[in-house]
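Novice: Chain by chain, the residues run as shown.
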Amino acid sequence: MTANMEAHKVARFDDEETSFARRSLLLGGFQLLLGGVILGRLQYLQLSQSEAYTTLAEANRVKISPIIAPRGRIIDRYGQWLAENDRTLSLSIVREQVPDLPATLRELQRVLGWSDEKLARVRNAILRQPRFRETLIAKDLSWEDFAKVNLELPFLAGVEPKLGEKRVYNHPQAVAHIVGYVGPKTRRDIEEFGNLVANTVGQTGIERDYENQLRGEAGVRHLEVNANGRTVRELSAEGGEAGEDVRLTIDADLQAVATKRLGQRSGSVVVMDVRTGGIMCMVSAPSFDPNQFASGIDMKSWRQMLMHERKPLLNKAVQGLYAPGSTFKMIVALAALEAGIIDLKTKVNCKGDYEYGNEKYHCWLEEGHGDIDLEGALAGSCDVYFYDLALKIGIDKIEEMAARFGLGMQTGLDLSGEKTGTVPGRDWKRARYNTGWRGGETVITGIGQGFLLATPLQLTVMTAALANKGVLVRPRLLAGQDEAVERTALGLDAKNMAIIESALYRAVNRPEGTAYSSSLLIKNQRMSGKTGTVQVRRISTEERETGVIANKDLDWRLRDHALFVGYAPHKNPRYAISVVIEHGGGGAQVAAPIARDVMVHLLENEPAAASAPPVNADIGEIL
Amino acid sequence: MNSGFLGGPSNRAGLITFDVHWPLVLGVLTLGLAGVLLLYSVAGGDLSPWAWRHGVRLAAGLVLMLAIAALDTRTIFALAYIAYAAILVMLIGVEFFGDKSMGARRWLDLGVMRVQPSEFMRFALILGLARFYQSIHQADVSRPINLLAPFAMIALPSLLILRQPDLGTSIMLAATGASVVFLAGVNWRYFAAGTVAVLTAIPLVWQNMLNYQKERVLVFLNPERDPLGAGYHIIQSKIGVGSGGLWGKGLVEGTQSRLDFLPEKHTDFIFTIFAEELGFMGSLMLILIFAFVLFALFQISRQVKNQFSRLVIASTGVSLSFYIVVNLAMVMGFAPVVGVPLPFVSYGGTSLLTFMAAIGVVLSLERNALVEMSRG
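First to last, the protein sequences are chains U and H. Read in order, the letters of the first sequence are residues 0 to 622 in numbering that gives the first Met the number 0. Read in order, the letters of the second sequence are residues 0 to 375 in numbering that gives the first Met the number 0.
With the rest of the complex left out, here is chain U:
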């Protein structure tokens, strides 16, 4: 019994032990199975898929950001900067990283003193962007505001202060048309230059034409960022290449003087170094401020400029087309002299008008110049003499001579946008109007009117060729390439050139000259030149009888264009100038004085080296 009970007890204990053993083995096996699954998973993640996850980890932590190369400067011939980069302070925000947007914006409003409208504008701008995208909320901050925001930064999660670069322009109004401006990258820019890293691209002028040179090459920066997107450290930086400077032949001070002198007038002043072709001054007025464009101009101001009667956005020096008027008379005279049709003694009697066909053509001097020879006619700008002369030589010879002096074609300036102008002739008229050339058209071409159109730059180049005694020099804006000056000898008789030279001297420096009141004398140097006054309306016979209405009594748009071309010094000329004032009135009264003042500044301030006699014998003998 006891044994039996013992046995029973043992059996029960064995039962308990074996039951536990079985079940604990079962659970142990289950644990082993789970352990195997865990190890399998570990092997899958760390060995099989390791590469993929390593890539993901790198993508997580490394942010590649471009280093935008500093854009090259644009400087004038003496190294004075015209376009440069300035630091700009701005703020941007990423909505995703802002815990409480209204609170953050209220804080910014408090710190920066925003108006409620500004706050609403900023909020709308942020809400328009996707959550993860960066929104620019304030630009061109002052140092003071920037510092204030930086101080509050711990309470402004998601707001990022940024240091950037912006383009700034010196003498902005004076150089706007040459230097141009940069603006936000457009689809057209990407098509032309490829996918650029920089946000701004040159839009006009030198900024556009020399974009590739100015831009430089962007570098790449590898940044380590944390989960919040904040940069922890820089891993590597491959610096790009800074943009190259572009040096212009422009003299910024001269440019400023000319701009100031033009004032509210609409027109242009172009000064060219006759030996090298370097453009020292090229001003178009009215102008605009390229800084406004660089920081993003508003639509309204832009439209206003675009629609403005005096076309501030147009570079009138290369894109404005004007009848050259009397400044063309040298070409007509040279055509006749070269053809041997006239000589110095040939005289014409000017009674104040000239009849041809059924038309009466008037001289500017109502009472007439009387008996006048070539030099007198050029100096006094007698129209009748040139009506007669034009008919004597015919349009073909005039057309040929004008073309030799570069009219009717681009001068080849290293700035895009140049207009060609028009030198009319029989073929031209046939092609353009499908009609024959008429004698009356030859008559008015003789005084530089009619179909004839030229840019102020073309007139300057033409004048420079006269100053060079018949050597045409290609104009240019980029400095530092003196060895590459492009000269074309026009093969004109030196005697004939001397006649023109003498006449142009008289026109400015003798009492009978039209520009006598604008003569100058600096270091024994004088200026030679020729005025031009171009009618832009037809004066009726009735008006002639009652007296021609004075320019000042006319609508601005109906007033005459005032022109002057010239060069200085009168011996060994170095600078050619053209001044065109749209609807300015008389060339002698309006254009010549401006030319004189610009030339005075130039001669008074020129470096000593520039006044040395020419080294190049090509240019000819000193008169």
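Note that these hints are calculated values from the structure, not bench results. Fair warning: there could be bad hints in the mix.
[Said to hold, decoys possible] Which chain H residues stay away from chain U? Per the calculated CB distances, all over 12 Å, these:
id: 1; residue: Leu32
id: 2; residue: Ser47
id: 3; residue: Asp98
id: 4; residue: Ile170
id: 5; residue: Ala173
id: 6; residue: Thr194
id: 7; residue: Pro202
id: 8; residue: Leu209
[What the hints assert, rightly or not] DEER-style ranges, computed between Cβ atoms:
id: 9; chain 1: H; residue 1: Val55; chain 2: U; residue 2: Gly35; range: 32 to 38 Å
id: 10; chain 1: H; residue 1: His136; chain 2: U; residue 2: Ala20; range: 15 to 21 Å
id: 11; chain 1: U; residue 1: Gly28; chain 2: H; residue 2: Ser141; range: 18 to 24 Å
id: 12; chain 1: U; residue 1: Arg229; chain 2: H; residue 2: Arg188; range: 56 to 62 Å
Note that the structure is predicted; figures quoted are calculated from it, not measured. Just so you know, even glycine gets a beta-carbon here, dropped at the ideal spot from N, CA and C.
Got chain U; can you put chain H on it based on the hints?
Specialist: Below, chain H alone, put in the same frame as chain U:
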């Protein structure tokens, strides 16, 4: 008596020859020190704020563990219900006086320290249930009347924890309790029936839930539904583990960790750092040490001579393995994100001390392996 490679059972009663199962102690300490090393690395190569405190707690835990190991099996047996009841009272206390942290009421301020009673409960439940089964005859374990008490002992704390709310710990607790019942030898048909009941109840409960509740459960089951919240962390954790490769990036060099891509990297996600910085080889080592500890517990459980000890030791092993597997599965994107620490390694005082106290109890029971206790 035949001894296993971990040393055979002994009857080293009394404090005079104080000898414990040192391999188990060593294994646990190695895991704790691995935690110190990783916490040092997580802090960017700094002992503060986590590593040194983890070390101090480890030392305190060691003292506690050995102190408990010095106790007699009968003392532990006598304390089992008291411990369970005390922790249950604390859980109820949390319900009324608990501190709220991150939306859940889990902490209880005891004046000297803040504790998470839910962490303690996991081991107190094992003690309570084991004592219950020691007190009834083996032949009676499957009698329906004897199912009521264990069910209540498991359900009560589980529901209290569920209310905190802490679904993860609640399920883990229930699973731990179920494993004790299973090891005790309760007829497997009850388990089959229970499984079927749960499976059939799910659709019914689902039908009666509100939309936002359903959404919560869906996010819980599939974190990718919420890619900016929990899903983001799982993805980043997988990237961390995967990018570790064979040898890892080296201590302090883990980019996922250093750059804050990982959540809770010092607590629940510490294994991610381990895998990222020490690679497959390091992770394998850690898992092998865990396996060593679990195997030691398994072997000891089969050598002790009373049901109470058996159940306590084996269930401790099972519970530990649940924690390890769920934690590892979670950080490797295998299981939903539930707040489950990696035993001994994760930073966290309550968790560490509970696990070490549990091992202390195991050591004590192992010292008295040959003690037989009658049942009924």
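Novice: Each of the hints needs a verdict: does it hold here or not?
Specialist: To see whether the hints hold, each was checked on the structure:
Once the 12 Å rule is applied to beta carbons, Leu32 (chain H) is consistent with being away from chain U; the minimum gap is 21 Å. Look at Ser47 (chain H): its CB is around 20 Å from the nearest CB on chain U, clear of 12 Å, so calling it non-interface holds up. The non-interface label for Asp98 (chain H) is consistent with chain U: the shortest C-beta to C-beta separation is roughly 24 Å, beyond 12 Å. At the 12 Å boundary, the C-beta of Ile170 (chain H) stays outside the reach of chain U, the nearest C-beta of that chain being 15 Å off.
With a cut of 12 Å on Cβ distances, Ala173 (chain H) stays outside the contact zone with chain U, its closest approach being about 16 Å. Look at Thr194 (chain H): its CB is around 14 Å from the nearest CB on chain U, clear of 12 Å, so calling it non-interface holds up. For Pro202 (chain H), the shortest C-beta to C-beta distance to chain U comes to about 27 Å, beyond the 12 Å cut-off, and the non-interface label holds. The beta carbon of Leu209 (chain H) sits about 29 Å from the closest Cβ of chain U, which is more than 12 Å, so the claim that it is off the interface holds.
The supplied range of 32 to 38 Å is met by Val55 (chain H) and Gly35 (chain U), whose beta-carbon atoms lie about 36 Å from each other. Checked against the hint of 15 to 21 Å, the C-beta distance between His136 (chain H) and Ala20 (chain U) comes to roughly 19 Å, which is consistent with it. Roughly 23 Å separates the CB atoms of Gly28 (chain U) and Ser141 (chain H), a value that falls within the hinted 18 to 24 Å. Separation of Arg229 (chain U) from Arg188 (chain H) is about 60 Å and conforms to the stated range, judged on CB atoms against 56 to 62 Å.
Violated hints: none; the structure is consistent with every hint.
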